[in-house]
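Given chain R, put chain B in place with the hints provided.
Here is what each chain is made of, one letter per residue.
There are 2 protein chains.
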Amino acid sequence: MDEGFTLWFTGLSGAGKSTLANLAAEELRRRSHRVEILDGDEVRMNLSKGLGFSKEDRDTNIRRIGYVCNLLARNGVIAISAAISPYRDVRDEIRRNHRRFFEVYMKCSIEKLSERDVKGLYRKALAGEIKNFTGISDPYEEPLSPELVIDSGLERVEDSLQKLIGTLEAMKYIRNGAGR
Amino acid sequence: MDEGFTLWFTGLSGAGKSTLANLAAEELRRRSHRVEILDGDEVRMNLSKGLGFSKEDRDTNIRRIGYVCNLLARNGVIAISAAISPYRDVRDEIRRNHRRFFEVYMKCSIEKLSERDVKGLYRKALAGEIKNFTGISDPYEEPLSPELVIDSGLERVEDSLQKLIGTLEAMKYIRNGAGR
Numbered sequence: 001m002d003e004g005f006t007l008w009f010t011g012l013s014g015a016g017k018s019t020l021a022n023l024a025a026e027e028l029r030r031r032s033h034r035v036e037i038l039d040g041d042e043v044r045m046n047l048s049k050g051l052g053f054s055k056e057d058r059d060t061n062i063r064r065i066g067y068v069c070n071l072l073a074r075n076g077v078i079a080i081s082a083a084i085s086p087y088r089d090v091r092d093e094i095r096r097n098h099r100r101f102f103e104v105y106m107k108c109s110i111e112k113l114s115e116r117d118v119k120g121l122y123r124k125a126l127a128g129e130i131k132n133f134t135g136i137s138d139p140y141e142e143p144l145s146p147e148l149v150i151d152s153g154l155e156r157v158e159d160s161l162q163k164l165i166g167t168l169e170a171m172k173y174i175r176n177g178a179g180r
Numbered sequence: 001m002d003e004g005f006t007l008w009f010t011g012l013s014g015a016g017k018s019t020l021a022n023l024a025a026e027e028l029r030r031r032s033h034r035v036e037i038l039d040g041d042e043v044r045m046n047l048s049k050g051l052g053f054s055k056e057d058r059d060t061n062i063r064r065i066g067y068v069c070n071l072l073a074r075n076g077v078i079a080i081s082a083a084i085s086p087y088r089d090v091r092d093e094i095r096r097n098h099r100r101f102f103e104v105y106m107k108c109s110i111e112k113l114s115e116r117d118v119k120g121l122y123r124k125a126l127a128g129e130i131k132n133f134t135g136i137s138d139p140y141e142e143p144l145s146p147e148l149v150i151d152s153g154l155e156r157v158e159d160s161l162q163k164l165i166g167t168l169e170a171m172k173y174i175r176n177g178a179g180r
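Quick mapping for you: the protein sequence lines, in order, are chains R and B.
In this text, residue positions in the first sequence follow our numbering: the first is 1, and each later residue adds one.
In this text, residue positions in the second sequence follow our numbering: the first is 1, and each later residue adds one.
One chain only, chain R, in its complex shape (with noise of 0.2 Å):
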């Protein structure tokens, strides 16, 4: 019983991975799941200080956040990661270290976000005000067999919420129901 895994979000900024996260943690916690969120910038105040956003320092930020959903998803806990981690060869890295890992690419269109743009970010990026911006100055390479893809343009947060428990329990990584 209460077996751990790794919920992996990946998907560019603003296209909802953290309010998923969030919304996920505290269902799963009512379902009495031991969870811990890896918030993307408290893991780098904590584990990756200094670090920038060249490729190879956010592969060594992701392959922190990795190790350490690991630890905690070998010992009973639900490890959530809600950081953009762009690129393909370290998400499947960390995969392939992990026992049971679950990757939700939180797929939503660079116009859409721009749209929105709640932080005003897309806009700055767009203008060249920000170097190193996934999705614009910088890759974002999409999974390519994420065990689920949410449509955060179209789906609302509700409905994604039903759908990604939905379909933890039909693949086992939870039991089913409020589940005592």
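Incorrect hints may appear among the rest.
[To be verified] With a cut-off of at most 25 Å between alpha-carbon atoms, the simulated BS3-like pairs for lysine-lysine come out as follows:
#	chain 1	residue 1	chain 2	residue 2
1	R	Lys119	R	Lys49
2	B	Lys55	R	Lys49
3	R	Lys55	R	Lys163
4	R	Lys49	B	Lys112
5	R	Lys131	R	Lys49
6	B	Lys131	R	Lys55
7	B	Lys112	B	Lys163
8	B	Lys55	B	Lys172
9	R	Lys112	R	Lys131
If you are wondering where the hints come from, they were derived from the structure by calculation, not from laboratory data.
This structure is a prediction, so every number in the text was calculated from the model and none was measured.
Using the frame of chain R, we list chain B on its own:
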């Protein structure tokens, strides 16, 4: 039940931290606890590549171990660190971040360590061939009030293990006996 905590060993190189940490891990696993040892070398490779042995870099490395230990401990795992961790302020900072923290000072004189010198490191350090060697060319600050002091220059390791497990029981970090 099954509450996690961090079991933090500190002491000079060769004082027996890893040996006792591994024996303790074995005994605690036998008692059905979840245990994770954060091995100094593995952590350096996974979380601290590029860091050296200056005070600043050592502190960063130790803080990262402390952060990961805390993530594990608050999720029900007994997280064991066996790094030298020479500076008192950083150890105490990590303690303050924890809800449950147990510090074991592996005490052993430089004379005794130089006499044993299994890896030949003390000979080299005394000859000036290793820079920043804790206890010789770099400071080691003894803990002022660790939960346990082990005099590894005098005690047999089986006795140290018994003392450690007995103290963990007496201080209610773990349940008495084999406790399945």
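Does Lys131 of chain R sit within 25 Å of Lys112 of chain R, going by the straight-line distance between their CA atoms?
holds (21 Å)
Going straight from one Cα to the other, do Lys55 of chain B and Lys49 of chain R come out at no more than 25 Å?
holds (16 Å)
Decide if the proposed pair is consistent with the structure: Lys131 of chain R and Lys49 of chain R, CA atoms, cutoff 25 Å inclusive.
Holds, at about 19 Å.
Is the straight-line distance between the alpha-carbon of Lys131 of chain B and that of Lys55 of chain R 25 Å or less?
violated (33 Å)
Verify the proposed pairing of Lys55 of chain R with Lys163 of chain R, using a straight-line Cα cut of 25 Å.
violated (32 Å)
Given the hint that Lys49 of chain R pairs with Lys112 of chain B, test it: the Cα-Cα distance must not exceed 25 Å.
violated (38 Å)
Given the proposed pairing of Lys112 of chain B with Lys163 of chain B, does the C-alpha separation stay at or below 25 Å?
At roughly 21 Å apart (the allowed maximum being 25 Å), Lys163 of chain B and Lys112 of chain B satisfy the hint.
Would the hint linking Lys55 of chain B and Lys172 of chain B be met if the CA-CA limit is 25 Å?
violated (35 Å)
Would the hint linking Lys119 of chain R and Lys49 of chain R be met if the CA-CA limit is 25 Å?
Given that 25 Å is the threshold and the Cα spacing comes to 23 Å, the pair holds.
Checked against the numbered hints given earlier, the structure breaks hints 3, 4, 6 and 8 and satisfies all the rest.
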